[in-house]
Amino acid sequence: MAHDHSHLDPIDVRVRALESLLVEKGYVEPAALDAIVDTYENQVGPKNGATVVARAWCDDSYRAWLQSDADAAIASLGFTGRQGEHMVVVENTAEMHNMVVCTLCSCYPWPVLGLPPSWYKSPAYRSRAVIDPAGVLADFGVTLPEGMDIRVWDSTAEVRYLVLPRRPDGTENLSESELATLVTRDSMIGTGLALNPDEATA
Amino acid sequence: MNGPHDMGGQQNFGPVDATEKPPFSADWERKAFALTLGMGAAKAWNLDISRFARETLPPAQYLSSSYFEIWHAALCKLMLERGLVTEAELEAGAVLTPALDVPGPLKAEDVAAVMRRGGPVDRPAPAAAAFSVGDRVRARNHHPSTHTRLPLYVRGHEGIVERVHGCHVFPDSNALGQGENPTWLYNVRFEGRDLWGDDGSARCVNVDCWEPYLERV
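So the protein lines, in turn, are chains F and H.
Count along the first sequence from 1, then add 8; that gives the number in our numbering.
Count along the second sequence from 1, then add 672; that gives the number in our numbering.
Okay, chain F solo, but in the shape it has when bound:
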């Protein structure tokens, strides 16, 4: 049956009605709503986090600063704001892989990663990450080396966690901006790893 586009979905109608009410009553400004959407749809995203990670890979003193005072270290690159007021950076090692979840809602570090991907907000991810992170990684096609442990961070407060992935081998000669292209959003949540240079150009 052809979908008739002259009829909006019921939820679409309800949200439009709510919006016009709130605007007409003066509770919200249409231009402010547009600016909110523009901020998070177009301006803030995982490139910010990738900049942080690449800097940490290149600069040991910056990496140490991230560990001791992530708020200041991240703010020094210009990334601050809502849902990133209290940051902690957790570093992957040869022994431990880190993964971040919010089992209770969808807490996520917006200033460095943008809005969460839909899977991050899904019951499947929220329920399983804490009990079976290896199974979640398998859903993402990721297999960790034998014997590597997984630590899961459940974002239950206003503290937001950013994973510092391991720097891929064979990247000694890459510049900081080239390294940033290897840092995927998922590698900073812990459902992925940083790309190898051949994967990045593939």
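If you are wondering where the hints come from, they were derived from the structure by calculation, not from laboratory data.
Among the hints, a few may not be true.
Claimed, not checked - Restricting the straight-line Cα-Cα distance to at most 25 Å, the calculated cross-link-like pairs of lysine to aspartate or glutamate (DMTMM-like) are:
hint	chain 1	residue 1	chain 2	residue 2
1	H	Lys715	H	Asp773
2	F	Lys129	H	Glu781
3	F	Lys55	F	Asp68
4	H	Lys703	F	Asp17
5	F	Lys129	H	Glu759
6	H	Lys715	H	Asp807
7	F	Lys33	H	Glu781
8	F	Lys129	F	Glu32
9	H	Lys693	F	Asp17
10	H	Lys703	F	Asp20
11	H	Lys749	F	Glu32
12	F	Lys129	H	Glu741
13	H	Lys703	F	Glu180
14	F	Lys129	H	Asp689
15	H	Lys703	F	Glu207
16	F	Lys55	F	Glu207
17	H	Lys715	F	Glu27
18	F	Lys33	F	Asp20
19	H	Lys749	F	Glu27
20	H	Lys779	F	Asp42
21	H	Lys749	H	Asp844
22	H	Lys693	F	Asp42
23	H	Lys749	F	Glu207
24	F	Lys129	F	Glu93
25	H	Lys693	F	Asp20
26	H	Lys703	H	Asp794
27	F	Lys33	F	Asp46
28	F	Lys55	F	Glu186
29	H	Lys703	H	Glu781
30	H	Lys715	F	Asp68
31	F	Lys33	F	Glu186
32	F	Lys33	H	Asp782
33	H	Lys703	H	Glu759
34	H	Lys703	H	Glu753
35	F	Lys33	H	Asp689
36	F	Lys129	F	Glu49
37	F	Lys33	H	Glu761
38	F	Lys129	F	Asp68
39	F	Lys55	F	Glu154
40	H	Lys703	H	Glu763
None of these values were measured; they are calculated from a predicted model.
Using the hints, position chain H against chain F.
For chain H alone, coordinates are given in the frame of chain F:
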């Protein structure tokens, strides 16, 4: 509240669909997001009240709604509870009653600054912290019917304090409109084996816990 939102460790939700999708799948999702942030920025309520409004949707509705449907339903509930809109207005899509005052409607020119500033929740400490790094603690086996951020899956389990975050707004009281009640916040490491026996694959799970959630072992 032991609600449907408290999902950690639940099973049978299927595999994670890692397919890449845009942040908003339809324009109404964009609107629901912006309206929620806009009313939050206007300080019509606080973040904890907003979370509790989502968690207290009827469980069957919560579990069968999409993410932004939950946001929209909670936003309507919050507006109705405060008389900011009426059922008749939502039905008619037209203004039928005078507007009420909200503390600070967000101006377009202030959006960038407000979003960049965010809303830090650390506060001066009214008392010394009860626990320090390395202390062995137990997550309390409590079941308040009001808002709490202590997930079910750690309650009654022992862990180790790994970090003292500082003194933060206490969501359990803030969600009830009973004030910020600044309370010490800790990061506690729970061993995966303690939480899940042989049936888990996490070496450990770290959870942020406010002081009243914990007791010394």
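Status of the hints after comparison with the structure:
A C-alpha spacing of about 11 Å is found between Lys715 of chain H and Asp773 of chain H, which places the hinted pair at or below 25 Å, so the restraint holds. Taking the CA atoms of Lys129 of chain F and Glu781 of chain H, the gap is near 30 Å; set against the 25 Å cutoff, the hint is violated. With a CA separation close to 21 Å, the supplied pair Lys55 of chain F and Asp68 of chain F stays within the 25 Å bound. Restraint check for Lys703 of chain H and Asp17 of chain F: satisfied, since their Cα atoms lie roughly 14 Å apart, inside the 25 Å limit.
Restraint check for Lys129 of chain F and Glu759 of chain H: the C-alpha separation of about 29 Å exceeds 25 Å, so the hint is violated. Of the pairs offered as hints, the one joining Lys715 of chain H and Asp807 of chain H is violated, with about 38 Å between alpha carbons and a cut-off of 25 Å exceeded. For the suggested pair Lys33 of chain F and Glu781 of chain H, the alpha carbons sit about 19 Å apart, so the restraint of at most 25 Å is met. Distance hint between Lys129 of chain F and Glu32 of chain F is unfulfilled; the C-alpha atoms sit about 32 Å from each other, more than 25 Å.
Restraint check: the Cα-Cα separation between Lys693 of chain H and Asp17 of chain F comes to about 20 Å, which is no more than 25 Å; the hinted pair holds. Between Lys703 of chain H and Asp20 of chain F the alpha-carbon distance is near 9 Å, which keeps this suggested pair within the 25 Å criterion. The suggested pairing of Lys749 of chain H with Glu32 of chain F holds, with an alpha-carbon distance near 19 Å, which does not exceed 25 Å. Proximity of Lys129 of chain F to Glu741 of chain H is assessed by CA-CA distance (about 13 Å); at most 25 Å being required, the pair is judged to hold.
With a CA separation close to 45 Å, the supplied pair Lys703 of chain H and Glu180 of chain F exceeds the 25 Å bound. Taken as a hint, the Lys129 of chain F and Asp689 of chain H pair is honoured in the structure, with Cα atoms around 11 Å apart against an allowance of 25 Å. With a C-alpha separation of about 37 Å, the suggested pair Lys703 of chain H and Glu207 of chain F falls outside the 25 Å cut-off, and the hint is violated. Taken as a hint, the Lys55 of chain F and Glu207 of chain F pair is honoured in the structure, with Cα atoms around 18 Å apart against an allowance of 25 Å.
Taken as a hint, the Lys715 of chain H and Glu27 of chain F pair is honoured in the structure, with Cα atoms around 17 Å apart against an allowance of 25 Å. Taking the CA atoms of Lys33 of chain F and Asp20 of chain F, the gap is about 20 Å. The hint holds against a cut of 25 Å. Distance restraint check for Lys749 of chain H and Glu27 of chain F: the Cα-Cα separation of roughly 14 Å lies within the 25 Å cut-off, and the hinted pair is therefore satisfied. Restraint check: the Cα-Cα separation between Lys779 of chain H and Asp42 of chain F comes to about 11 Å, which is no more than 25 Å; the hinted pair holds.
Proposed proximity of Lys749 of chain H and Asp844 of chain H is supported: the alpha carbons are some 19 Å apart, at most 25 Å. Of the pairs offered as hints, the one joining Lys693 of chain H and Asp42 of chain F holds, with about 21 Å between alpha carbons and a cut-off of 25 Å not exceeded. The suggested pairing of Lys749 of chain H with Glu207 of chain F is violated, with an alpha-carbon distance near 47 Å, which exceeds 25 Å. Distance restraint check for Lys129 of chain F and Glu93 of chain F: the Cα-Cα separation of roughly 20 Å lies within the 25 Å cut-off, and the hinted pair is therefore satisfied.
A threshold of 25 Å between alpha carbons decides the hint, and for Lys693 of chain H with Asp20 of chain F the separation of about 19 Å falls inside it, so the pair holds. With a CA separation close to 30 Å, the supplied pair Lys703 of chain H and Asp794 of chain H exceeds the 25 Å bound. Proposed proximity of Lys33 of chain F and Asp46 of chain F is supported: the alpha carbons are some 23 Å apart, at most 25 Å. Only pairs whose Cα atoms come within 25 Å are accepted, and Lys55 of chain F paired with Glu186 of chain F is accepted, the gap being roughly 12 Å.
For a cut-off of 25 Å, the pair hint linking Lys703 of chain H to Glu781 of chain H stands: about 19 Å separates their Cα positions. Our distance criterion of 25 Å between C-alpha atoms is broken by Lys715 of chain H and Asp68 of chain F, whose separation comes to about 41 Å. Between Lys33 of chain F and Glu186 of chain F the alpha-carbon distance is near 50 Å, which puts this suggested pair outside the 25 Å criterion. Annotation: proposed proximity of Lys33 of chain F to Asp782 of chain H holds, straight-line Cα distance about 19 Å (limit 25 Å).
Simply put, Lys703 of chain H and Glu759 of chain H have alpha-carbon atoms about 20 Å apart, close enough for the 25 Å limit, and the pair holds. For the hint linking Lys703 of chain H to Glu753 of chain H, the alpha-carbon distance of about 21 Å falls within 25 Å, and the restraint holds. With a CA separation close to 40 Å, the supplied pair Lys33 of chain F and Asp689 of chain H exceeds the 25 Å bound. Taken as a hint, the Lys129 of chain F and Glu49 of chain F pair is honoured in the structure, with Cα atoms around 17 Å apart against an allowance of 25 Å.
Taken as a hint, the Lys33 of chain F and Glu761 of chain H pair is honoured in the structure, with Cα atoms around 11 Å apart against an allowance of 25 Å. With a C-alpha separation of about 34 Å, the suggested pair Lys129 of chain F and Asp68 of chain F falls outside the 25 Å cut-off, and the hint is violated. Restraint check: the Cα-Cα separation between Lys55 of chain F and Glu154 of chain F comes to about 31 Å, which exceeds 25 Å; the hinted pair is violated. Using a Cα cut-off of 25 Å, the hinted pair Lys703 of chain H and Glu763 of chain H holds, with the two alpha carbons roughly 18 Å apart.
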